[in-house]
Amino acid sequence: MGMTEDLERWVAAGLIDPDHARAIEAFETGRGRSSQVGRGMEAVAYLGASLVLVALAILAMEFWDRLEPWGQFGLSVIVTAVLFVVGLILGRSDEPAVSRAQTFAWFLTVAGIGLTAQVALRQLLDVDEQDAWVYVFLVSMLGAIWLWWSRSSVLQMVAMGVTTWATVISLISRTETLPDWALGLSFAGLGLVWLLLTWAGAFTPVRTSYALGGIGMLMIAIPEGNQMPWPLLGLLVGLGLMAASVRLHQNVLLALGVAGLFIYIPMTIFEWFGESLGVPVALLITGLVLLGVVVAIIRLRKDTQP
Amino acid sequence: MSRRRLLGAIVASVVVIAAVVVIIALSVIPLPEFATLPAGELDGSMSFVDEENCVQIADLSAGSVTKLSCEPDQGAIDHLAWTDSGVEITTYFNQPITKVLDPATGEILETRTGDEATDPSEAERPADELFVNRPAEGVIVIYDDDDNDLLHLEAPERYWIETAIQSADGRLVGFADSTGRLAVFEPRGARPYLVADDVRSWPPPVWEP
Numbered sequence: 001m002g003m004t005e006d007l008e009r010w011v012a013a014g015l016i017d018p019d020h021a022r023a024i025e026a027f028e029t030g031r032g033r034s035s036q037v038g039r040g041m042e043a044v045a046y047l048g049a050s051l052v053l054v055a056l057a058i059l060a061m062e063f064w065d066r067l068e069p070w071g072q073f074g075l076s077v078i079v080t081a082v083l084f085v086v087g088l089i090l091g092r093s094d095e096p097a098v099s100r101a102q103t104f105a106w107f108l109t110v111a112g113i114g115l116t117a118q119v120a121l122r123q124l125l126d127v128d129e130q131d132a133w134v135y136v137f138l139v140s141m142l143g144a145i146w147l148w149w150s151r152s153s154v155l156q157m158v159a160m161g162v163t164t165w166a167t168v169i170s171l172i173s174r175t176e177t178l179p180d181w182a183l184g185l186s187f188a189g190l191g192l193v194w195l196l197l198t199w200a201g202a203f204t205p206v207r208t209s210y211a212l213g214g215i216g217m218l219m220i221a222i223p224e225g226n227q228m229p230w231p232l233l234g235l236l237v238g239l240g241l242m243a244a245s246v247r248l249h250q251n252v253l254l255a256l257g258v259a260g261l262f263i264y265i266p267m268t269i270f271e272w273f274g275e276s277l278g279v280p281v282a283l284l285i286t287g288l289v290l291l292g293v294v295v296a297i298i299r300l301r302k303d304t305q306p
Numbered sequence: 001m002s003r004r005r006l007l008g009a010i011v012a013s014v015v016v017i018a019a020v021v022v023i024i025a026l027s028v029i030p031l032p033e034f035a036t037l038p039a040g041e042l043d044g045s046m047s048f049v050d051e052e053n054c055v056q057i058a059d060l061s062a063g064s065v066t067k068l069s070c071e072p073d074q075g076a077i078d079h080l081a082w083t084d085s086g087v088e089i090t091t092y093f094n095q096p097i098t099k100v101l102d103p104a105t106g107e108i109l110e111t112r113t114g115d116e117a118t119d120p121s122e123a124e125r126p127a128d129e130l131f132v133n134r135p136a137e138g139v140i141v142i143y144d145d146d147d148n149d150l151l152h153l154e155a156p157e158r159y160w161i162e163t164a165i166q167s168a169d170g171r172l173v174g175f176a177d178s179t180g181r182l183a184v185f186e187p188r189g190a191r192p193y194l195v196a197d198d199v200r201s202w203p204p205p206v207w208e209p
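Protein chains in written order, with this note's numbering: chain E, 1 to 306; chain C, 1 to 209.
I should point out that these hints are in silico values taken from the structure, not numbers from a laboratory. Be aware that a few hints might be false.
Partial list, computed: chain E residues near chain C (C-beta under 10 Å) [said to hold, decoys possible]:
hint	residue
1	173
2	178
3	193
Even for Gly, the Cβ is constructed at its ideal location relative to N, Cα and C.
Could you build the full structure based on these sequences and the hints that come with them?
Here's what the structure looks like:
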């Protein structure tokens, strides 16, 4: 059954009115007609562009050290500006595949901003290395936020997430007076903020944003490893993500929650019971818990179906 | 996007960030503090490499620190020794270059290159290096060869003593920590004194023979 027949049935059933049906049909047919580049061709184009960029980067590295600091700064400014302008031009194209390439160019622009800041701070201003990294990530984060604000695509969201977490890591790493778990707690706090802002509709694309927030929260126990109570907190985060996936109907949170349980249940078992429980028993408990949780989620989902 | 939901999320986010900051702020353990070394308190000299790739000499009896020589264009100083011939430094830039410096003036007394130079990759850790351990959370201890505690420091989790070196006569211990400070103390009970605060932990500081 085609789209037109579907729309006619939905109009007849009173689900949408004829104006909506005409708008949907115009949008879908218009989108199909304008895309002249297949997904396979697009992937090959990205591969080619990546190879060209890697080759240029290797060539640049050969003479990079021989450049004066001002030369390095000038070159990184030019590369960053070119990537940004290329993205700007690509984004104006009517061809969806070409327009999508804007996000790739702007993703690289964030790296260019970081490189430019690094050269300026370390080579020109002679800022201390640890301080410089904080500013490099901070400037990159601001650039990534601006580009995401201009076009909220998956790659722009990833760039914004990576630079935000990197800023937090660089800030905490330079402070010797903080315990290691401060890093895990910051990851989780930032992850929770990310999830809240995504839930409120402030962060898009939604799935990528939920994924970043969930990964951040699951990192809560990574710096402290097996030391209690961190694996237990990781376990609770995993369960929390699974519960949130039911409420929000987000499979990406479900997958991350399962991954969290898969990591933190064995860690908790080994920390509490040590060598007294063998690996097979630990795996059995992990498997049973996972199966139990999945059954519970299926039942909960049925209950929350509208 | 519901305006009310967004407002709620922003308020909740601010609360989460504030809670994380407060918890982390309450967990801060200050770095160990060292008093400045007064002139005439201790007797001995140490050599060390600073963050700018310069060799410095700390004269403890005078309470002074002076730059002996800098190697800005020869690669990082990878090896430092103080022998009867002078202060020996080795840099590696295409090939190893060892220079022996007059500890009083910084004058180059001898230069060795290639096979004649000390190979930094084959240089062993100093024989007079002491053992450092963290027996409990928040405590760092320097031990001698007989497992005697020479120094107890209360310190945060990430603070570490990179190298602790005993002087030839065993009367003093100097150590470089993870914050780039060089401190010296008399074993068993005495407080460490700060000598310098821009010290590279590698190569380890060395005592005058």
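Against the structure, the hints come out as follows:
The restraint placing residue 173 of chain E at the interface with chain C holds, with a minimum CB-CB distance near 9 Å, inside the 10 Å limit. Look at residue 178 of chain E: its Cβ gets to within about 6 Å of chain C, closer than 10 Å, so that hint holds up. Taken as an interface hint, residue 193 of chain E checks out: its beta carbon lies about 4 Å from the nearest beta carbon of chain C, inside 10 Å.
Checked against the numbered hints given earlier, the structure satisfies every one of them.
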